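Engineer: In the order they appear, the protein sequences are chains W and Z.
Taking my numbering, the leading residue of the first sequence gets 858, the next gets one more, and so forth.
Taking my numbering, the leading residue of the second sequence gets -14, the next gets one more, and so forth.
No lab work stands behind these hints, which were simulated from the structure alone.
Being a predicted model, the structure only gives us computed values, none of them experimental.
Yeah, the Cβ is synthetic: ideal placement off N, Cα and C, and Gly gets one too.
Any given hint might turn out to be false.
Some chain W residues close to chain Z (C-beta under 10 Å, calculated; not the full set) [stated by the list, open to error]:
hint	residue
1	N869
2	I873
3	R892
4	S953
5	L992
6	T1001
7	K1070
8	V1080
9	M1114
10	T1143
Keeping only pairs whose Cα atoms sit at most 35 Å apart, straight-line, the calculated DSBU-like set for lysine-lysine is [said to hold, decoys possible]:
hint	chain 1	residue 1	chain 2	residue 2
11	W	K978	Z	K102
12	W	K978	Z	K326
13	Z	K280	Z	K99
14	Z	K42	Z	K15
15	W	K978	Z	K203
16	Z	K203	W	K984
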Amino acid sequence: MTIELFMQQLANGISIGSLYALLGIGYTMVYGILRLINFAHGDIFMMASYFMVFSVINFNLPWYAATVVVIIASVALGVLLEKTAYRPLRNAPRMSIMISAIGASFLLENLATYLFTGVPKGFPDIKILTRAVNLWGVSLSVATIITPFTTLILLYVVLFITNKTKIGMAMRAVSKDFETAKLMGININKVISTTFIIGSSLAAIGAMLWGSKYPSVYPLMGVMPGLKCFIAAVLGGIGNTTGAVLGGFILGMAEIMLVTFLPSLTGYRDAIAFIILIVILLVKPTGLLGEKVTDKV
Amino acid sequence: MKRVLSLSICLLMVLSLFTACTKKEDDVIKIGVFEPLTGENGGGGQQELEGIKYANKMYPEVLGKKIELVIVDNKSDKGEATTAVTRLIEQEKVVAIIGSYGSGVSIAAGDIIKNAKIPAMGASCTNPMVTQSNEFYFRACFLDPFQGRVMANYAIGQGAKTAAVIMQNGDDYSVGLGNFFIEAFKELTGSEASIVDVSEFQVNESDFNGILTNIKAKNPDVIFAPSSATAAPLIIKQARALGIKSLIMGGDTWENPAVIEVAGVDAEGIVLSTFFDENDPATEEAKVFVEGYKKELAGKEPIIPAVAALGYDAYLLVRDAIERAGSTDGVAIRDALNATKDFEGVTGVINFTSEGDADKNIAVIKTVEEGQFVYIDTVEVK
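If we strip away everything but chain Z, and leave its shape as in the complex, we get:
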């Protein structure tokens, strides 16, 4: 009896595989959204998602069909990331994927995306390894080697001769950007000794007094601390409480109202690089976006987060490629993405390099004044 039962269950399960294949929804096109909505990058992931959702609201259709966003949470965790992306591909049968905020999770999902031949468009993942040797992964933002160089350039422009770097151990974004900064800073100052301290910390750490005390003793001109918006205000606050007067700088993740809210007055004067400035729209599309999205954000966020603008662009790029490909086949969409020419996004005109990276050479540098992110400069590196 038992054997019959188990056999019939097996049979049922095998049959269910076929039914899953035969059932096809022809009236919608599914695009997966792969973002951290919880965990340490939950805040930034949410901002990026809002931008994608807004783009979906503005441009809800492609090839005459409705686009349905399938949202999965990768929980800022590399293990969860592979599960989430597998679910999008195997279960939800998405035709393309957008995301993720955080380079580590994007890299972790890369192989699955490549093997499934489903094109993916990263919005704000800046580590070079995301798209490297992966012909299906594209991205809408600049890369960390560029960002690291921009920040090193800025620091030296401010008269800095020495720098200390704080990075998060095991976080590809933080370690990657930190090392590119170190490389550029050493090269620009021409001195190996210009980096006086490199310290690492672990995820969910709150106490930075130990490493900051060491750094204080070495008295660097700048502290560069690429880190999540959760860790950033703690580093800034504790540094100031210890009496460190050095210029404190971070990367694109710092452009998050939470950093100012948590760090309070100590956030004044920090410097960060980012992708986008709402006061200086680069294209026609950007003007329309800034106006419309400002209304959408009214009362929720004081400024448009750069990652929302990138999320918006990522969605438009994918939609544009599907339109031009005229089909939902992964390879066809990939080829259409590769053929993207002078696409007018809100973060600038986008073309892809052979690696699938947006060919961008402009970064925006901002600081904090009176509790607001304030534009300092647009930097162009040739």
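Here chain W stands alone, though its shape is the one from the complex:
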């Protein structure tokens, strides 16, 4: 193996890993607050890609204006989803709300199939992001280079919001103890809506970067990334934001390294992700950075 090949694979791993990380933050935040695995997260990501296709191709918006529209639309969708599918079930057993999440996911996928058909659409070509750069024999697109940095910056922003702002303090309180936080006068609905706003906008930004690298937009495009990012979040310790980012990078790297060193097993790449999930659940159920939570009696 040449050093060039290895460097290229390293870059591939970092780039896919940072995309997993970006989407993983959305999962982990919702889980942290609501103890809900938001299965529809991958589908919000899919819808964001469609919003981008329509705003650029059908409404001829320049890409930066389209980005704003896409983020707003995705946030609206995320909040709407929370209000209709999750809020009415807030006091129901956790299993019901999880099933509601799976239902919401199928609803979005089928709605997209109905509205936009199964034929893949091309993600708009954002020239600044798709331009190819050759660094020491490694071919990269600009999107590949900026994705890890974007992820780290957004991680910092999310950490800042949760740790340094008033709403962040409320989020942490809700995450620790739902009932008590409510009694202390925290507006639970506002906190939860904010969580979905942050999660959905991260999904929208993720969709932009994903689309620039993998420009095929179709109704089931969110399924695999959704599952992988969920695994990334569990791997890092679900509920922990930094953990989700760490998990994303590890998962992306593990997948690409499998392809690099064991090329005959490339067909089992997804299996690796699930094996990692199972091993983590067996060895360290709380994930790499997860805290052990004792259930209050």
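Fit chain Z to the supplied structure of chain W, relying on the hints for placement.
Structural biologist: Same frame as chain W, but now just chain Z:
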């Protein structure tokens, strides 16, 4: 009380079975259409369905009765496929079935079709196993061993000495065609080492950078990647982004406008084999079809998809067989299909082999130029 209730419900259910049998609609003949309308092959399935619907519009009757198309969606999924086909047979009581796009779902439905003795006509499912040891499954298209050989032939004609193959794990079409290509390529070059890399990927995968980086290091002359129209543009785009200059080739599924739309300029120069070319109508029927269907497609699709032409042929073959059989009995229709002689379809003159495959030895090779599929050659393999 409970027991009485449950007993009476049981009784009702049993009775309903009889009523379902006695109710018979004598004024229509139902033909099932078994296609993926959603899932990864949703795009291609839709194109094929449009061709079948157009054929139904042109030839709406048989034996003096109206033909009703009963359309079910197999969702590109083998599990759904068996459910969908069972529904067509048990509930809808169709007399024949057309479909499906995608060999995997067709193979999955094969046993049910065989046991129910309902003849089925595949339009574009190219894997040999679809009709193998199934006397009720027929098809209107050529087979993958042929297609694989055609593509290997073409690659070698272009001066290729080495090839890499990318296939989708678990997809019978992709793996089948990939392996037939490998076989033919090795045989034609006379060298085991001519296939430098074989990589597999899984359904709904978007990231091909890993396998393409490995392939780049081996620098093959051609990359053959039989895959769905969803995966194809991603493979093409990522290969070009990595700086791979090799000729990229695919199978019949690639003749889909979505491939060009999504891959953009990177689609230029890809090569694929397909069933039909609208600029070179093989029969009288084809001329009429091209003219009429072009009008139907105006504004929707730039060219007639080959799978629509095959869907059209599949419908005509079934209708012709019912007409000749003079009945809607499954076995009678099957025998009539077997007796098909020099049927003038739009994709050529059709006769069936003993396996129930259309005896076709012509494939059309196309490339992409300036965002359009362009005809290169018609290949005949004896």
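Engineer: All hints are to be evaluated individually against the structure, with a verdict given for each.
Structural biologist: Each hint, compared with the structure:
1. N869: holds (4 Å)
2. I873: Holds, about 5 Å.
3. R892: Violated - the Cβ of W:R892 stays beyond 10 Å from chain Z, reaching only about 28 Å at its closest.
4. S953: violated (26 Å)
5. L992: violated (12 Å)
6. T1001: For W:T1001, the interface hint holds, since the closest Cβ of chain Z sits about 9 Å away, which is under 10 Å.
7. K1070: W:K1070 check passes; min Cβ-Cβ to chain Z is 8 Å, inside 10 Å.
8. V1080: holds (6 Å)
9. M1114: With a closest approach of 9 Å, the W:M1114 hint holds.
10. T1143: With Cβ-Cβ at 29 Å, over 10 Å, it is violated.
11. W:K978 / Z:K102: Distance of about 40 Å is beyond 35 Å: violated.
12. W:K978 / Z:K326: Judged against 35 Å, a Cα distance of about 42 Å means the pair is violated.
13. Z:K280 / Z:K99: With Cα atoms ~38 Å apart, Z:K280 and Z:K99 exceed 35 Å; violated.
14. Z:K42 / Z:K15: holds (14 Å)
15. W:K978 / Z:K203: holds (32 Å)
16. Z:K203 / W:K984: holds (30 Å)
In summary, the numbered hints that this structure violates are 3, 4, 5, 10, 11, 12, 13.
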